[in-house]
Amino acid sequence: MPSPTVANVRRRVVRWPRVSSATLIGYAFVMPLMLWLAATILYPLVASVALSLQNIKIIGSTGEYVGLENYSRILESPRFGEALQRSAIWVVGNAVVQTVLAFAAALTLKQRFVGNRLARIWIILSWIVPTVVVVIIWRWLLSASGIVNYALVNLGISSKPIGFFSTGDTAFASVILINSWRWFPFNAVIFLAALQRIPQELYEAASVDGATTVRKFFHITLPSLRPVLFVMGLIGTLMSFNVFDVIWLLTGGGPSGATTTLPVLIYETAFKRYRLSQAAAMSVTTGVILLIFAALFLRFLSPPSDTDEE
Amino acid sequence: MAHRLRHAVPLGFAVLILMTVVIAPFYWIFSASVKAPQEIIARKPTLFPQSFTLEHYDKLLGHSNFPTYLQNSLVVAFGTMVITVFLSTLAAYGLYRLRFPGRNLLFRVILITYAFPGVLLLVPLYDMMSTLGLVDRLVALVIVDVTLAAPFAVWMLQAFFRTIPQELEEAAALDGASRLGIIVRIMLPLAAPGVASIAIFAFITSWTEYIFASILIISDANRTVPVGLAGIIGQYQVDWGLLLAGATVTALPVLVLFGLVGRNFVEGLTAGAIQ
Numbered sequence: 001m002p003s004p005t006v007a008n009v010r011r012r013v014v015r016w017p018r019v020s021s022a023t024l025i026g027y028a029f030v031m032p033l034m035l036w037l038a039a040t041i042l043y044p045l046v047a048s049v050a051l052s053l054q055n056i057k058i059i060g061s062t063g064e065y066v067g068l069e070n071y072s073r074i075l076e077s078p079r080f081g082e083a084l085q086r087s088a089i090w091v092v093g094n095a096v097v098q099t100v101l102a103f104a105a106a107l108t109l110k111q112r113f114v115g116n117r118l119a120r121i122w123i124i125l126s127w128i129v130p131t132v133v134v135v136i137i138w139r140w141l142l143s144a145s146g147i148v149n150y151a152l153v154n155l156g157i158s159s160k161p162i163g164f165f166s167t168g169d170t171a172f173a174s175v176i177l178i179n180s181w182r183w184f185p186f187n188a189v190i191f192l193a194a195l196q197r198i199p200q201e202l203y204e205a206a207s208v209d210g211a212t213t214v215r216k217f218f219h220i221t222l223p224s225l226r227p228v229l230f231v232m233g234l235i236g237t238l239m240s241f242n243v244f245d246v247i248w249l250l251t252g253g254g255p256s257g258a259t260t261t262l263p264v265l266i267y268e269t270a271f272k273r274y275r276l277s278q279a280a281a282m283s284v285t286t287g288v289i290l291l292i293f294a295a296l297f298l299r300f301l302s303p304p305s306d307t308d309e310e
Numbered sequence: 001m002a003h004r005l006r007h008a009v010p011l012g013f014a015v016l017i018l019m020t021v022v023i024a025p026f027y028w029i030f031s032a033s034v035k036a037p038q039e040i041i042a043r044k045p046t047l048f049p050q051s052f053t054l055e056h057y058d059k060l061l062g063h064s065n066f067p068t069y070l071q072n073s074l075v076v077a078f079g080t081m082v083i084t085v086f087l088s089t090l091a092a093y094g095l096y097r098l099r100f101p102g103r104n105l106l107f108r109v110i111l112i113t114y115a116f117p118g119v120l121l122l123v124p125l126y127d128m129m130s131t132l133g134l135v136d137r138l139v140a141l142v143i144v145d146v147t148l149a150a151p152f153a154v155w156m157l158q159a160f161f162r163t164i165p166q167e168l169e170e171a172a173a174l175d176g177a178s179r180l181g182i183i184v185r186i187m188l189p190l191a192a193p194g195v196a197s198i199a200i201f202a203f204i205t206s207w208t209e210y211i212f213a214s215i216l217i218i219s220d221a222n223r224t225v226p227v228g229l230a231g232i233i234g235q236y237q238v239d240w241g242l243l244l245a246g247a248t249v250t251a252l253p254v255l256v257l258f259g260l261v262g263r264n265f266v267e268g269l270t271a272g273a274i275q
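Chains as they are written, first to last, in the working numbering: chain A, 1 to 310; chain B, 1 to 275.
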């Protein structure tokens, strides 16, 4: 390091504070949150790798280093693979149902009608209430003596009340529909905002050219929504993957494991079967799978960027 | 006229269906929660209550642990709200109002934490809280809930912070206002609807949170509403009246708070996503 000359020192005194103070101040504002997130996300992530290499069963007990044993056990037993498969069905099912419902809702809300300002706000009601409330609502509606079964029986659709949560397929379909009911309004308000940003002139010009409604949808609406669909596709998938409480409180992962997605399996393994290290290994493996998914998604589905960010 | 009508009828129908799908289930539990027990389980459901009773609410608030759960949830939600507002407002000011190298990277990192599946943190966070001796303490829930709420709060604030003209800040700086003075006297009042929205978002996030609350809290006296209410569901004999009253009381604070900031809330929600 060269010894500081007078000129050097002076330049530092004059320039250094100006350049760095903005940076320092900027970091000072963002740092508290970053440190908080590092302590509660980054550190636990690293810790879960360490946990996954031991054989801890109940928290608080000490374990020994067992290498990759937990990982090989996960890959050998069918439970993890089955849950992964169910998670995939869960994510795709939710994405399809929610996108269709959200689109229909957004196109409806875009029209003018009395009270549409209120409707555009209160539509997300099902998204903001606690999951436990959603669960009670739907257990009540779908119970043997509930309104849905009453309607099905009286309309002659079913001869006797349906036990929605008693067989694997109906239970899985029910939890997907219930979760979609909870989430589609959230997607709808975002689609709506995106729809409102499409210049009306595009549609008018297309009408002049004689385009049909369907053509307009595929040539104007859908391409304009591509960036939003991309963001929702990625973030929505990760958030929907993460859903645990709706499933757990409606079915407990059953009947006989039919609704045990990965989050349910991790929860169960750690806190019902007390295999903490094994659950940690499942978390790490799941994290890697999601990371690969996100990377592929970004790589192949990124919309052509306008790079006018900021 | 005929043309307008042709448009209006299907539209009215679509709006009706949409609103029924979203709102009717809420009406259904609320109306059932004031029915007498025999009417709740009557073979033929009644659209409008034929009987009126507050006995389920009386049982819920007077003869169960629900008031304790409510109190715990309120403590955790207020704690989460205060810390989230503090951390996110600071970060949002830095990210949206200041220019410094690395700003975009930090913004992206916060976005990633927002999409990060919390279930992957279940095991290690439990381990961490156990090491810190925070298991079965409400502060553990506050810590987790802030992590769940803050990244999205930063994202929501974008809509409110970006629209404030830079000139206002510059003018205040010329008048000799300090950085802190600028934030407190200019930014916060102008971004007030946004700050109120994220405060309520943080409250709702915490009020709703189930999974961490179910593992980090052991004793019944420290349970929050979602876990406490779920415990009532799990009892062998389902007491629908009690559950429906519980669901109504649990949903109520969320509805009131959302009613206060609904429009700004939805604005903040959407503005981030379509930028």
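These are calculated hints, taken from the structure and not from any lab test. Some hints here could point you the wrong way.
Okay, derived cross-link-like pairs now, EDC-like style, lysine to aspartate or glutamate, Cα gap no bigger than 20 angstroms in a straight line [unchecked claim]:
| hint | chain 1 | residue 1 | chain 2 | residue 2 |
| --- | --- | --- | --- | --- |
| 1 | A | K272 | B | D136 |
| 2 | A | K216 | A | E204 |
| 3 | B | K59 | B | D239 |
| 4 | A | K110 | A | E201 |
| 5 | B | K59 | B | D220 |
| 6 | A | K272 | B | D220 |
| 7 | B | K44 | B | E267 |
| 8 | A | K57 | A | E204 |
| 9 | A | K110 | B | E267 |
Here's how the hints hold up against the structure:
A C-alpha spacing of about 17 angstroms is found between K272 of chain A and D136 of chain B, which places the hinted pair at or below 20 angstroms, so the restraint holds. The straight-line distance between the Cα atoms of K216 of chain A and E204 of chain A is roughly 10 angstroms, inside the 20 angstroms bound, and the hint therefore holds. Of the pairs offered as hints, the one joining K59 of chain B and D239 of chain B holds, with about 11 angstroms between alpha carbons and a cut-off of 20 angstroms not exceeded. As the CA atoms of K110 of chain A and E201 of chain A are separated by approximately 16 angstroms, the hinted pair is consistent with the 20 angstroms bound.
Restraint check: the Cα-Cα separation between K59 of chain B and D220 of chain B comes to about 18 angstroms, which is no more than 20 angstroms; the hinted pair holds. Distance hint between K272 of chain A and D220 of chain B is fulfilled; the C-alpha atoms sit about 18 angstroms from each other, no more than 20 angstroms. Between K44 of chain B and E267 of chain B the CA atoms are separated by roughly 42 angstroms; this puts the pair beyond 20 angstroms, and the hint is violated. With a CA separation close to 65 angstroms, the supplied pair K57 of chain A and E204 of chain A exceeds the 20 angstroms bound.
Annotation: proposed proximity of K110 of chain A to E267 of chain B holds, straight-line Cα distance about 15 angstroms (limit 20 angstroms).
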